[in-house]
Structure formats: structure tokens, C-alpha cells
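Chain A is already provided as a structure; the job is to place chain B on it using the hints.
Sequences listed follow chains A and B, in order. Throughout the first sequence, residue numbering follows our numbering, covering 13 to 514 in sequence. Throughout the second sequence, residue numbering follows our numbering, covering 13 to 514 in sequence.
Hint data in this document are derived by calculation from the structure and do not stem from the laboratory. As the structure is a computational prediction, the values presented were derived from the model and not from experiment. Please note: incorrect hints may appear among the correct ones.
[Unchecked claim] The list that follows gives simulated cross-link-like pairs (lysine to aspartate or glutamate, DMTMM-like), each with its CA atoms no further than 20 Å apart:
no.: 1; chain 1: A; residue 1: Lys402; chain 2: A; residue 2: Asp392
no.: 2; chain 1: B; residue 1: Lys49; chain 2: A; residue 2: Glu238
no.: 3; chain 1: A; residue 1: Lys241; chain 2: B; residue 2: Glu24
There are 2 protein chains.
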Amino acid sequence: MSQKLMEEFKKELMDIYYLSSAISVLHWDQEVSMPQKGNELRAKIIGSLAGELHNKFTSADFSKSLLALKKKLDSGKLNDEESCIVREVWREFSREKKLPLDFVKELAETTSRSQLIWAQAREKNDFKLFLPQLKKIIDLKRKEAELVGFKGSPYNALLDIFEPYTNVEEIEMVFSELKSFLIPFLAKIKKSKVKANRSVLKGDFPIEKQIELNKFIASKIGFDFEAGKLDVSTHPFSTGFHPQDVRMTTRYKKDDLFYAISSTIHETGHSLYEQGIPIENFGSPMGESISHGIHESQSRLWENILGKSEDFWQYFYPILQKRFPKHFGKIKLSDFYKAINIVSPSLIRTEADEVTYNLHIILRFEIEKDLIEGSIAAEDLPKIWNDKFKEYFGIKVSSDKSGVLQDVHWSGGMIGYFPTYTLGNLYAAQFYASAKRDILNLEKEIRKGQFGHILAWLRKNIHIHGKLFSADVLAEKVTGEKLASKYFIEYIEKKYSKIYNI
Amino acid sequence: MSQKLMEEFKKELMDIYYLSSAISVLHWDQEVSMPQKGNELRAKIIGSLAGELHNKFTSADFSKSLLALKKKLDSGKLNDEESCIVREVWREFSREKKLPLDFVKELAETTSRSQLIWAQAREKNDFKLFLPQLKKIIDLKRKEAELVGFKGSPYNALLDIFEPYTNVEEIEMVFSELKSFLIPFLAKIKKSKVKANRSVLKGDFPIEKQIELNKFIASKIGFDFEAGKLDVSTHPFSTGFHPQDVRMTTRYKKDDLFYAISSTIHETGHSLYEQGIPIENFGSPMGESISHGIHESQSRLWENILGKSEDFWQYFYPILQKRFPKHFGKIKLSDFYKAINIVSPSLIRTEADEVTYNLHIILRFEIEKDLIEGSIAAEDLPKIWNDKFKEYFGIKVSSDKSGVLQDVHWSGGMIGYFPTYTLGNLYAAQFYASAKRDILNLEKEIRKGQFGHILAWLRKNIHIHGKLFSADVLAEKVTGEKLASKYFIEYIEKKYSKIYNI
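Next up, chain A with everything else stripped away, as it sits in the complex (with noise of 0.2 Å):
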């Protein structure tokens, strides 16, 4: 009996996977397709939708079924991929079951409305046409808090969309480790005597011939093409529909090659994770990625840790040099190893690079907080932005286009999200470190340009379990310690102490 009601579960739990990856589809095409007045339609049908998910999902019939099996989950009575199933639909339903669902409309519209508002606004320099839509979505996501419960911060209750199992004070622990090596660690490279070239960089690159080799790359490292694509948006983002539908994007700077080429590999990272699923454990939680700070792992580990690294551009280097030779010819490997490593405070986000990306998300990870909080108000963002900036980075920020304008993630309704960024790097340093271990010559294999070894460990590890395990369980499986800060400092310390001969 216990077997056919979980039978029937999943089929229910099937229906609402289905429309999941439905609104997945219709956001991507938002991002990737749409015509720009298809927006103010788009944002009703994606809130409609949204509207019938969460009917499904807090329906009468689903709700019978789950009770029943969370009452066989809590008596022990469910194997381990059961247990996960029951325990992680479990979460959601609690969490969705308290929200209205005329809230989950408003904000799924105000959500999808803001996007387009969000990116005239940027591209005006214009935070007041911005306001009105943060203020509400700030509104909104206090309820949502308040709606959904929470212990501590009331920003615990959305970092749990992103980032289950952890809260404020996990993050504010490991982030001040990190602070606390970060800003001497940076004062010490703007001392030294070293300076790359980031100008080697900079040329004539026709965008047919970048995409040309940006999906070589993609697809070198792992990527299937059969099972995804390669697009463009203004803002990278990659999504899977489902494990053999897997859409990512880039942006291109025709005088940059290297501009699009990090953010390719880091969107190949998320998608190898999508795509190493397993299709079977489609339509339940068995076949999702554990967290954002899980996912992000693997973009960083894929962009910074082998992508930035000598070892790769061993590989690749002679491969760039012989499509683009009029402007690498002559530039020597470690040269462009360098120029891709400066580092260098600068106002944009994505464009960081591995030593002050984290100072960005601190930043914007104590401002969301205090939003959230209520310890701070909207009005006020553009200057406490721009305070902070000037205090962490010691720049002035030149316009809120370059400053608090510049992220998608807040007219996406991702309060919560930013902190996801930085345990990423962490989990990323922390997983290399195991992986370096458990693979015989991993870096000469790099260096001949063989993923295969790295990509396996990756999918055994982490890929194929789905949520079996939350993150901070999987951290101790896979590297026999819970999340710790040390690995990441002490990589960034290794590579840029060479670097920058400190």
C-alpha cells in the first residue's frame, strides 16, 4: 500500500513538474526571445500560471497524499530516496500552504512587470523610475517573510528559497573569516609591484567567430548540445527546463574576446549540473540541483578555479592563438594568464574579478538584509551603496547605472540570492581540493585538455544525487568536512601571491 500511494504521489507530483518547466520555458523566452512588447501579457500569463502551480500544489488531493506519507516519513517507514522525495516536497508545501494565492499572483506579475522596468531604468541612469517597483517588491517580500514565518531575521525566510538548511548567522560567520582576509589581502596586491596588461585583451574579435568558439569551449568542457543551447541575453543566465532541455546564455564585447568567454564557462558550469541529473529523477526532488550555493559551485569552480587557471589555457591558449593569430600571435601564454587574473576594485559585479567578487556580495548581502529588515529604506539605496562602496572598495561609484542599478536580482523578486554567490566560491574551492585529491594527475589532465576525469567526479559526487542530500550534508560526504572558508582563502592566497609576487 505504501508503494502504490507513493505511485500515486509521484504521478501528482509529475503534473506539477510539468508546469514548473513550462514557466521555465516561458521566463527564458522572456530573457532570450521575447519582443519587447510582449512583456506587460507575459508577466500575466507567467502569473497565472504560477497562480495554477500553486492551486496544484496546496490542492486538497496533493495535501492527502503527502500527509499521509510525511506521517510514514516521521516513522521512519521510507527508504533514503523516498525520505528526500516526502521530505524536501514537504518544505515547499509548508512554505507555500501559508501563501495566499492571490500574493503568489501579485508577486509572480510584479516580478516579471519589474524586469523591464528595471533594465529602462539602468539603461536611463534613473533610479526614481525604478523606486515605485523595488518599494513594492521590498513590501511584498516582508510579507512574504511574515506569511512564511521565520526564526532571527526575517531575511531568513527568503535566504531559505535560495539556501535551505542555513541561515543569517551561518553566513555572517563565514562571510566576516572571509572579509577579514579579503581587504588586507587586497591592500597587499595594490602594493605590489606587478602590473598585468589587461590591454592584451583588447581587439577586433568578430562576434560570428566568438560564438564560434565559445560553444567549442562549451562543448569541449563537457557541454551537449543535442540536450541545450547556447543563446544571448543581456544578463547571462542558464535554466533547465529538464536535464535534456538545458538553455544558457552570454553577452559579447566585439573588442573583448575574454568578456564573453567567463561568462560562457561559468554558465556551462550551472548547466553540466543540469544536464548530469539524471533524466529518470525527472518530476521530483530526487532530480533537482540542491541549492544555489550548490549550483553556483559548480559555475565557479568551471569559470575561475580550472578556467582561469594555467593549466586550461595550456590547453586552449594555442587554440585561441591559431583562430584569432593577427591579435594573439605574438602575446605569450603567461602574459594573457595574467591579464585574465588582474585584479583590480572595479564597480561592476560580473565583471570582478576573484579577489573583490566577494567583497561586491557582502555588500549587497548586508544591504538586501537591512532592507528586508526594515533597518534601511529603498529611497535610501543609491547613497548607502554608495558609501559602502567607497569604504570596502575605496572607489567612488560614477552612477547608480554602475551602482545599485546594475543586478537583475532584486526587480526578479531574489532577495536572498546574493549570498548564494560567495558560498559558492567557498564550496567550489572546498570541492577542488577533494577532487585534486581523489584524481590521479588532475592537473596534467587539464593541461591536455581532458575534462572527462574532473566531470565524472563532479556528476558522481554531486550531479547524480539530486537533493538526496541538503548541501551541508553533501559538503561533508563529498569533502569530509562541513563548509569552511579555509580553502578559498588559501587558494586565492596561493595563485595570487604568485601572481602579484607577495
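Okay, now just chain B, sitting in the frame of chain A:
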């Protein structure tokens, strides 16, 4: 109270339209963007959403509101717009309600499965491979006719899906008029000494430059690229998610410039209709196109009557010459005009000229009607097809691949669709005759590349009404008479007598 009831009903209806619009996005993405491996799960996702749609449409709540409004309609208590909404929703609802869920599923599954088998049978030129599927489909469609009920021929029940408010008798009348003109007229053309040279259209035209040109033409004749897109797919099609997001596709041949252009203009005709429906009417039959025949009248008017006219190319041909000077620099407009209007009976419908096209349709209409009425058997189709083809076109069919197996419609269960192509041609000519009476110097405007007047006329007379009028009522309202074949016959006779010096 009536007001409130209507408002409530419109809200429920809106969610149905949202869902239906989302399904269209999934279909479009499947044709245009989706990677290969995504197919299997995409089919399931669409299936699940289609089931959802059926459930919403036949739900108890929805039925209750609709029944109450139907009573008001019957007692004449609704205004014109309300009447349109209730009348048309009732039409669809009464049909849906008569189809048991098991039947709907079986039909969907059978036709979905048949697509691949038909494609294989066509590739292998093996009718017998397709026969069992075709028989199943015919049985199911005959059963559908029985379930929904009909007067006269059971074919009327199928026609009703694509061209409501018409019937076999009306169609046979106009089609027989057409046939008695077309067959002797074709014989005259065959005897003509004028020989146009199609080879002037053949050359080397880079796809990138073709894409630009096609977008230019679509935009010039009125397509709003802020409210739509032009993409590439194997079989050109258009679909409107709503009037502010209309997607169309075309396909390119490197050696044949006109191959893409005619498809693009055709699809632009469809899209101008979709973009011309008032956005504020989205979410009810007031915001939907009238019928497939009327839709086709829009594509045919632009593709043929305008897009293959001398006036049209007096404006566009110099542009073509400027963009492809090597090729068209020395070719005269009159030779180009003759080449795009060559009449030549041939096996494939989609490549047929304006004169023979409708004979293809009449042949298919006669066959599928007989199949549904049971007067012929599916086993005998190749022989019946080939005999008829010899009779109408004077050509021997070389293989089933280029004969009875060429079209996708039967395998997709779209029996009753074919006649709408010819109805579209007839309506197009009839509408255009009226437009010429109404618009001062229309042809002069066209020669100057001014398409605003004809588009405004189509908008005002056809597009903005949605389903307010049925096709027959609209024809009378706009042209002063019922559907008549004489306008098309006059148009063809005049144009081709001149070209072929008859």
C-alpha cells in the same frame, strides 16, 4: 447582476486564454529553438498542459457561469460583444463536452504517434506503412463526427473545427465553379507560346543578406518587430501568443531568393491579422481570428495578390537589385515578374502556382470527404489519388511520396482543414476587390511602397472585429455579398491572360 456574471465569466475565461497562450509558446519553442533531446519530455509537458486546459474548460464552475449566460443570450439580453463571447465559447464548450476524455486522449495519442510514422512512410515511399495509422485516424474522426453530431454529411462536423458556420454543400458549390474555370483555363495556358524563364531567380544569395531582406520586406508592409519576431523553421508557420507577441518563421535556400520571400510575405499576412486584433480584447473570442479561411485570406492577399503583383515589385525590385546587384543588376523587372508567376502543373501542393494551387485542394477535399462519408476506403487511396491527379493536372504521379503521402494534415488528424486554403484564396480576391473600390489609387500607393492604406483597410474591416462576425456575415458586411468564386476567377483570368497572352 448580469454585468457581474459577465465580469466573473471573463475572468475565468482569461485564465483559459493564458494557459492556451503558454501552450503556443511551448509549441513555437519546440519548432524554432528546442534542442533535439528535449522532444520526448516536451511532448509530455504540452500534453499535461492541454489536459489542464480541457479540465478548466469543462469544470463545474465554468459550466455553471456559461450556462447562466447562455440563457441570457437565448432571451436576447446580451449586447453584440457579449453575444459574440457567449455564442463562440458555447460552440466550443458544447463540442468539448461531447467528447469523452478517453476519446480525446486516444485521438491525441494516435495523431501524435502517426506524425513520425507518416514521416517515415513518406521518406521510404511506403504507403502501406502509413495505412494502419491512417485507418485508425479515419475511424476516430468518423467517431468524433458521430459524438458531436451533424446535419447532412459527417464531414460537416470536422469542417466545423476549422471553418465554422459553413458546410459541404456551400463548399461544393464554389469549388465546382472554380473547377469548371480552372481546368479549361489551365489548358489555354499550356497552349500559350509565352515561356517564362524561372532560372532568372536562381543564384547565390548569402543567408545573412536574405534574412535582412526578408525582415525589411515584412517590416515595410507593416509587421511590427517590437510586437513580433521572424525566425527560421523547416515548415514556415505563424502563431500569435497575443497581439503584442506574434511569432512567424520562414526558411531559406541559398540558391533561390524568392523561396524565402514568398513564405515570409505569406506568414506576414497571417501575422498582420494577429497583430491587428485589439489587445484589450485578448482573453475572449472578441480577441480571436474568425476562421482558418479568413486567416488564410490575409496571407494569400499579401503573398499572391499583392506580393506577386507588378505594382508591388515596381517598388521592391529596385531594392532587390541594389542589394543583389551582381545577380539582378541585368535582369529586367518584367522577366522577374514573369518568373515569379510561372504556371506549371506539378506534383507538390506547397510549391504550386496560383492557378493550379486550388486544384490540389479540390482533389484533397473530395478525397477526405469521401473517406469520412465511407464511400471510399483508405486502402484504395493511392490509386484514387493518382487517377484524380491525372484527370485534373494531366500528370502521372511518379510516387506516393510526391502524391498521396506528401501532406502532414491527415497524419495530424486535421481532416477538414484543406478546404480553408481555397476559401482563403476566394475571400482574398473578394476582399481585395472591395478594397480597390474603397481606397483611392490603391495600386498607385502600392507602387510607391505605401502599404498603410491597404493595411488600415484590412484592420478596420476584418482584424479589429475578432470573432464578432462569422466568416459569411463578415463577407457580406465588407463586400456586400456572400462568398463568391467570381472575384478570384476574374483576378486569375485577368492576370494570367495578360502574362500568357491568351
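These are the hints, each one checked on the structure:
A threshold of 20 Å between alpha carbons decides the hint, and for Lys402 (chain A) with Asp392 (chain A) the separation of about 16 Å falls inside it, so the pair holds. For the suggested pair Lys49 (chain B) and Glu238 (chain A), the alpha carbons sit about 6 Å apart, so the restraint of at most 20 Å is met. Between Lys241 (chain A) and Glu24 (chain B), the direct Cα distance comes to roughly 36 Å. Violation of the 20 Å bound is thereby established for this hinted pair.
Consistency note: the structure conflicts with earlier hint 3 alone.
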